[in-house]
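Enquirer: Sequence:
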Amino acid sequence: MVPGSSKKKRVTEKSTEKSPVSELSDDLLVEIMSLFPYKSTCCCKCVSRRWRDLVSHPDHRKKLPQSTLAGFFFETYDIATHQGSRETCDITSHQGSRRYQSVSGNWCPRINASLSFLPKCERLDIMDCCNGLLLCRCWKSSDGKMMDYVVCNPATEKWVVVPATNWSSKLWAIRLGFDPAVSSHFHVFEFVHAFVLDAADRRRDIEVVGVYSSKAGVWTHESTRNLLVDIYFFSPSVFFGGVMYLSSYDNLVIAVDMEGKCKVIHTPTPRDGCGAFDISLSQGRVYLANHGDSEVSIWALDDSSTGKWALKNRVSHLQLFEKEYPSTHDYNVIIHPEDNAIIVLCLQLHMGGQSKFCHTIWILGSCILCLILDGIAGFLIFHMFLCSQSHSQMRT
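As numbered in UniProt numbering, residues 1 to 396 make up the sequence shown, in order.
Please keep in mind that the hints were generated in silico from the structure rather than gathered at the bench. This list has only true hints and no planted wrong ones.
Here are the in silico distance ranges between beta carbons for each label pair: (1) Ser-22 <-> Val-161: 52 to 60 Å; (2) Ser-25 <-> His-266: 51 to 59 Å; (3) Ala-181 <-> Lys-261: 18 to 26 Å; (4) Pro-270 <-> Leu-24: 53 to 61 Å; (5) Leu-24 <-> Ser-97: 44 to 52 Å; (6) Asp-205 <-> Ser-116: 33 to 41 Å; (7) His-221 <-> Val-161: 14 to 22 Å; (8) Gln-283 <-> Ser-183: 16 to 24 Å.
Here a beta-carbon is modelled for each residue, glycine too, at the ideal position from N, C-alpha and C.
Please build the complete structure, drawing on both the sequences and the hints.
Expert: In structure tokens:
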């Protein structure tokens, strides 16, 4: 016998053996895949061409888990006549336009950007978005004094009114907390400054946190003893584990529970440049993104009780944008809610003739959207929308 021939024969026989999975029909294999979480379904596309084609086939998409990331709401605010910076300007009387951009394909219901299913009002501002619900401020009169909050689900067009407090019309920092995996009830958070904020007031110390519970149907208020933090309308936030996390403008993260009690968590490193860290929630973890001159660093909150952060990644501008991106340009970094992809929303203001906003969404070097908005002399706010079909406490 030729040396090694037996071994070669065994290898040949083994290589010709069929995997038991290969004997499964397409329908049965798709049925099994439908039991996987979304991230595992994405990994299935890397197993073989057959699996990739099954996952990508239009007939199977409705059966398989989908990402909850549905799209983005964009609201523009015209502040050309107002003196002040992005942080100090009063946006409550300078609303421009609103639009919605889907990134989900056809699996999420069509979203009506005008939100015309809501009660009629003089003006409507989107204040926050959390797990498929929007928190809106509905102005009942043009004088900017009478208003209510409305929490709605654009996918189902269901909504509920939340009564305003005495200071609701003068606040900037209002947030929504909702976790459908835990409860069908939501919470609204109001952050009341020691001196109610106006265009000329630079104080940011918080005196009271108001929390509305949809289950109890009432507001409760907790004194913070003048918590010295810079929280603005634009301060990024996420809701996780019954706690609202807000990124402030002074290298702090504020953790607020559903009773209004606050805790200060220091960021892992000082912010490069002005503004607040971008904050995201992905796969059950809170992340911060710090924008540097040539890269973005990603940090995860390992322990909220001790405020310990762990550096998870550093990504160069060249990796993100496939080119060197000027650090002076405005962009936001989001961690995809179901996997480790980094989503970057870049904002460039093109001057010359008529003003334009170019808002581009990148996912690790791949441009998936370039949104051009004409005739805007102000700035743009975005809200990431996660599609949700359920909320038992709402009505049509």
